[in-house]
Amino acid sequence: MQRFIKLMEKINYWAIISLPFSVAIAPAISNTVVGIMIGSFLIEKILKRERLCSFSWALVIFGVFMLIGACSFINSVDYGNSLKGMFKLLKYLMIFMVCSQNIKDREHFWKIGVCSACAISLIGIDALWQIFSGKDFIRGNALQGVIGLVRATASFPGCNAMGIYLTALTPLAAGLVLFSQQLKSKILFSIAALIGCIGVYLSLSRGAGLGLFISILFLSLIRKNKIIISGLVLLLVVYPFIMPKNIKEWVKTVDNNPLAVIVDPVRMCIFENSVNMIKNHPFVGVGINTFSKNYGKYRTPSVEARFKTSATIYAHNNFLQMAGETGLLGLGVFLIFLFFVLKSAWFAFKKNADWFLRAFSISCFAAIIAYLINGLTETSLYHSRLVMIFWFLVGLALALGKISNSGFEKNR
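Just so we're aligned, residue 1 is where the sequence shown starts under my numbering, counting upward by one.
Among these hints, one or two may not hold up.
What the hints assert, rightly or not - No more than 27 angstroms apart at the CA atoms, straight line, and that leaves these computed lysine-lysine pairs for DSS-like:
| id | residue 1 | residue 2 |
| --- | --- | --- |
| 1 | 45 | 88 |
| 2 | 186 | 104 |
| 3 | 6 | 184 |
| 4 | 111 | 184 |
What the hints assert, rightly or not - The following label-pair restraints were derived from C-beta to C-beta distances:
| id | residue 1 | residue 2 | range |
| --- | --- | --- | --- |
| 5 | 53 | 118 | 24 to 34 angstroms |
| 6 | 84 | 47 | 40 to 50 angstroms |
| 7 | 265 | 239 | 18 to 28 angstroms |
| 8 | 39 | 312 | 52 to 62 angstroms |
| 9 | 84 | 54 | 24 to 34 angstroms |
| 10 | 310 | 48 | 35 to 45 angstroms |
| 11 | 63 | 39 | 14 to 24 angstroms |
| 12 | 39 | 336 | 43 to 53 angstroms |
| 13 | 241 | 133 | 28 to 38 angstroms |
| 14 | 145 | 254 | 13 to 23 angstroms |
Simulated from the structure, these hints should not be mistaken for lab results. In this text the structure is predicted, and so the values were computed from the model without any measurement. From the three backbone atoms N, C-alpha and C, an ideal C-beta is built for every residue, glycine too.
Please build the complete structure, drawing on both the sequences and the hints.
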């Protein structure tokens, strides 16, 4: 029995490490890894006769969020879809709970960091290969295009999806470079961070670029690295003059409106229609996992006169979609949940004596921020493949806070 328990622990240990890499390859592989991770965790707990988790406010608040999701069934137009939405929440709960409970030492975090760096490098190199050859070498995806420019997708179905993935993990590598005290760490994570930045640029995803830029600026300010801060400010000033001609011409079509440039005029119309949905169901929304089924009913003539939008579409904004499905009550509880998650990572950064755990904590904080900023123009929390990275980061943040609270670093 003990040998079998040890086997489950080992399987779970490596499943957690490999999750970022599996998401880079394909949905089937990532879902298999998540299934193995959750299954081995549950078997281990049952055999040990242990509780699934220890108390944390983050878990309690997420439980309240799930309860609000259940309440949103009142307005649901499709109970089957809403039930699927609840199962998705349960899956996300298990992902971050497994990570927060079973990541317990520095070595585990180190291996996760290395695996993430390898995954970033793989996708970045695949994107470069795709630019030069026309197809990526993982899944054979073709390049995409917009306003006469080619956009890389790597192994993902779209360029914005690749941008979301790289923006979620590249700050992790960038932070480990900035706060690292070992040369081998700096070299390893510098390469990954650079390739990740190149990949984001090749995606031409504005939301991804904004999220990555702000997260690296945040890390540089915390580290007080004047060289990188100056470089980022210089890039911000110079880029409007050196950007591709096609982009300059497109910017003129939206009257040089910065908000329209970042968000896109069509998405701004979708946002307005989404707000109309929220106004009609402000408390518990139209029903979890039914936004696209309801969207057509809340399109307004004045908005549609500017741009026609599909009757079944996502909000292209995580927070508007969440408020539309679970109401302002659901969105508010989710924001409180995020506060506790980010607080956990910040606490770990401030309290850990171990330099690597400190570096990992602030890097994880920045990675979550980057994902959320990107989510202002994307529904990345509703992408079945990419959302696993977000909940993985949440689990890392909670695990780091748990380690700090237990005083692990003082015993090293």
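Do the hints match the structure? See the list:
1. The straight-line distance between the Cα atoms of residue 45 and residue 88 is roughly 22 angstroms, inside the 27 angstroms bound, and the hint therefore holds.
2. Between residue 186 and residue 104 the alpha-carbon distance is near 24 angstroms, which keeps this suggested pair within the 27 angstroms criterion.
3. For a cut-off of 27 angstroms, the pair hint linking residue 6 to residue 184 is broken: about 31 angstroms separates their Cα positions.
4. Taking the CA atoms of residue 111 and residue 184, the gap is about 14 angstroms. The hint holds against a cut of 27 angstroms.
5. Taking 24 to 34 angstroms as the suggested C-beta distance range, the pair residue 53 and residue 118 conforms, at roughly 30 angstroms.
6. Distance hint for residue 84 and residue 47: a CB-CB separation of about 30 angstroms, inconsistent with the stated range 40 to 50 angstroms.
7. Taking the beta carbon of each, residue 265 and residue 239 are about 21 angstroms apart, inside 18 to 28 angstroms as hinted.
8. For the pair residue 39 and residue 312, the supplied restraint of 52 to 62 angstroms is violated, since their beta-carbon distance comes to about 34 angstroms.
9. Between residue 84 and residue 54 the C-beta distance comes to about 29 angstroms, which sits within the given range of 24 to 34 angstroms.
10. A beta carbon spacing of about 50 angstroms between residue 310 and residue 48 contradicts the range 35 to 45 angstroms that was offered as a hint.
11. Evaluation of the 14 to 24 angstroms hint for residue 63 and residue 39 yields a pass: the beta carbon distance comes to about 22 angstroms.
12. Roughly 30 angstroms separates the CB atoms of residue 39 and residue 336, a value that falls outside the hinted 43 to 53 angstroms.
13. Checking the proposed 28 to 38 angstroms range against residue 241 and residue 133 shows it holds: the Cβ atoms sit about 31 angstroms from each other.
14. At roughly 19 angstroms, the beta carbons of residue 145 and residue 254 sit within the given window of 13 to 23 angstroms.
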